[in-house]
Amino acid sequence: MYIIIGGAGNISEEIASSLLSSGDEVHVIDINENIIEKINSNLGIIGSIGDLTNIKDLEKSGIGRAAMFIAASDNDEDNLVACQLVKHNFETSKTVSIYKYMDNYQVFQQSGIDHPINLTELTINRLSSIINTHAAVSLIELPGRDKGIISVKVPPNSQVLGLTIKEIPFVQETKILMVASENGEIHDNLEEYKLCARDELIIRVPNGLESEIHTIITTSIYEK
Amino acid sequence: MNIHIIGIGHTGSKISEELCSAGHKINAIDTDKKAFTKLPSELLDNKYITAIKGNGNDKDTISSLRINNSEIVIVSTGKETLNCLIAQKISILSNIEKQKIIILVKDFYIGNFYRSLGFSIFNKIDSTSDPILKFIKNRNI
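Chains as they are written, first to last, in this note's numbering: chain X, 59 to 282; chain P, 977 to 1117.
Next comes chain P alone, as it looks inside the complex (with noise of 0.2 Å):
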């Protein structure tokens, strides 16, 4: 699957690296060429990830993209806000669910909130709490 992943920072890398180790085609996209050098270069040469460089945020950018809804798209900045932001601008500038767009966030109640809207939730904080309730659970702690 053709996946877009937008902010290629610690989370955004290691995202774009596991999901092209599951076999997805990846585009990342970032505004500072330097964050490609955290994805492994024999991917970016064999053309597994192709690195854009370009503002996430910005309608050009996002309309060059041409994303449709066969695809999936990640909105991974450092910024919560931000990636509210781009995931709803992507859903108006392009032909794809809401439901394919996957917003990371960290707060409980943005999440509950764009969840509401129909997007994709992925929140940082409940996917680290989680797994760790059911070790405490499964051990009896």
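So that you can see chain X by itself, here it is in the shape it has in the complex (with noise of 0.2 Å):
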């Protein structure tokens, strides 16, 4: 699919290079002459000098028949008006935006951006998941379901240990996906399975429940 990457920012390069080994149409725009040259030297003439937050230079770039937006620009109120514009101006586009600073995240998830992506939420989550591994990691939003995907990990002293999966007391939109053990191995078999400490779960859950998942998931069986 044809993608535009709007703002040549630290990450920019490393996104299109990405999205060009996976096969994707790409095409870079960024004020900064100095960096389109670098890129259209560094991954083939795909980059062209334009600002991101001006209509006639994203037209000039094939917006209209873009499948996708990316503003990856270093600045957030840039990226936030020119996905706004973007979704504003050719509904076609899928707008995905990246951004910084947590003090933003309001605006950015009432911005009527199809996927804002902040940066800060993202390291937060990566190391929560590093210092405590019992916490619930999200993985996947699932636009438009009202679901998400999220990671949990079962505690050594978990109240679900040796139960199946049906015993669990989850309410009913809530979905065992898949259970990977310590040891590396995944089983997608889950009607007979019975939950080991340190299992890692992986579980669809309607927005808004993922701290009562992982509550159940987490509390100690001495505190049942």
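There may be inaccurate statements among the hints.
Stated by the list, open to error - Pair by pair, the computed Cβ-Cβ distance ranges are:
#1 X/183 <-> P/1092: 27 to 37 Å
#2 P/986 <-> X/235: 54 to 64 Å
#3 X/179 <-> P/1054: 26 to 36 Å
#4 P/1113 <-> X/95: 43 to 53 Å
#5 P/1054 <-> X/186: 37 to 47 Å
To be verified - Covered, in the sense of this in silico footprint (three residues per stretch, anywhere, with C-beta under 8 Å from a C-beta of chain P), are these stretches of chain X:
#6 111-123
#7 129-138
#8 141-147
#9 159-168
It is worth saying that the hints were derived from the structure and are not from the lab. All residues carry an ideal CB built from backbone N, CA and C; glycine is no exception.
Join the two chains, each given in its own frame, into one complex according to the hints.
Structural data, given as structure tokens:
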């Protein structure tokens, strides 16, 4: 698919490179001539000079036929405005905005942008999965479905140890999709499987119930 | 009326001064305290203009301003995309209608879009070109 990356920020070249290698057609626009030259010499001629917040520059880059627009400049405000403009003027484009500051979280959440990605939040999620191995880590948000996919690790003293999946007191719409054991073995036949300590559970959860599900799995047998 | 002006550059300082002399009470907000030297010192001394050093794009700063619906906010930093971000943040955090938040922009399409969201837009280029067009029309040039 044709993807436009607006703004050559710190990670734009890496994003472009990874999309190219998965077979997508990529175009990068930025107002800085030197950065565009560097991208063109590293990745082939995929960059052109233009302002990501300027409708005419976006049109020149072919936004009308783009399946996706990723705003990845180093400025949160430019990424916000660019995505909102694209969303408003070109309905077919799917908009993704990268942003840095947590202070801007609510604005991005309510901006109408399809996928706002906060770098700080990603880092915190990753860190919490390293530091506290029993945290619920959000893996995917399923757009338009009010559901997401999370991962939770079963603590050694969990109340759910030895239970089969059906015996866990989950709300109805929650579903365990996969279980990975500590030794790396993946269980997809979950009917008979009994949960063990340090199993990693991949769970589909209705939005807002993540912490409830997390509590069920991590509550100690002694607290029950 | 209480008016908050975020960003005291050339435009922000001029607006502060003009609105103040029209009888309004101004809260002038800027990250750089040097910006306030552009304001007439007698207006600052008499508290007609209150200088607030702080980041107008910061949630805590915005909340501390306690902006309410009887007031007006003008977002006039030198960067139009930043003005758009700040305006949306204020709309989320404060009890004020979007219509009472004025965003200064330069780009026609950016102005149009944020007007469609309900904000009040002041386009610097329009406000210069409109009087020129009128001038040409009136003189039959």
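Hints, verified against the model:
{"no.": "1", "hint": "X/183 <-> P/1092: 27 to 37 Å", "result": "holds (34 Å)"}
{"no.": "2", "hint": "P/986 <-> X/235: 54 to 64 Å", "result": "holds (58 Å)"}
{"no.": "3", "hint": "X/179 <-> P/1054: 26 to 36 Å", "result": "holds (29 Å)"}
{"no.": "4", "hint": "P/1113 <-> X/95: 43 to 53 Å", "result": "holds (46 Å)"}
{"no.": "5", "hint": "P/1054 <-> X/186: 37 to 47 Å", "result": "holds (38 Å)"}
{"no.": "6", "hint": "111-123", "result": "holds (count 3)"}
{"no.": "7", "hint": "129-138", "result": "holds (count 5)"}
{"no.": "8", "hint": "141-147", "result": "holds (count 4)"}
{"no.": "9", "hint": "159-168", "result": "holds (count 5)"}
The structure agrees with every numbered hint stated previously.
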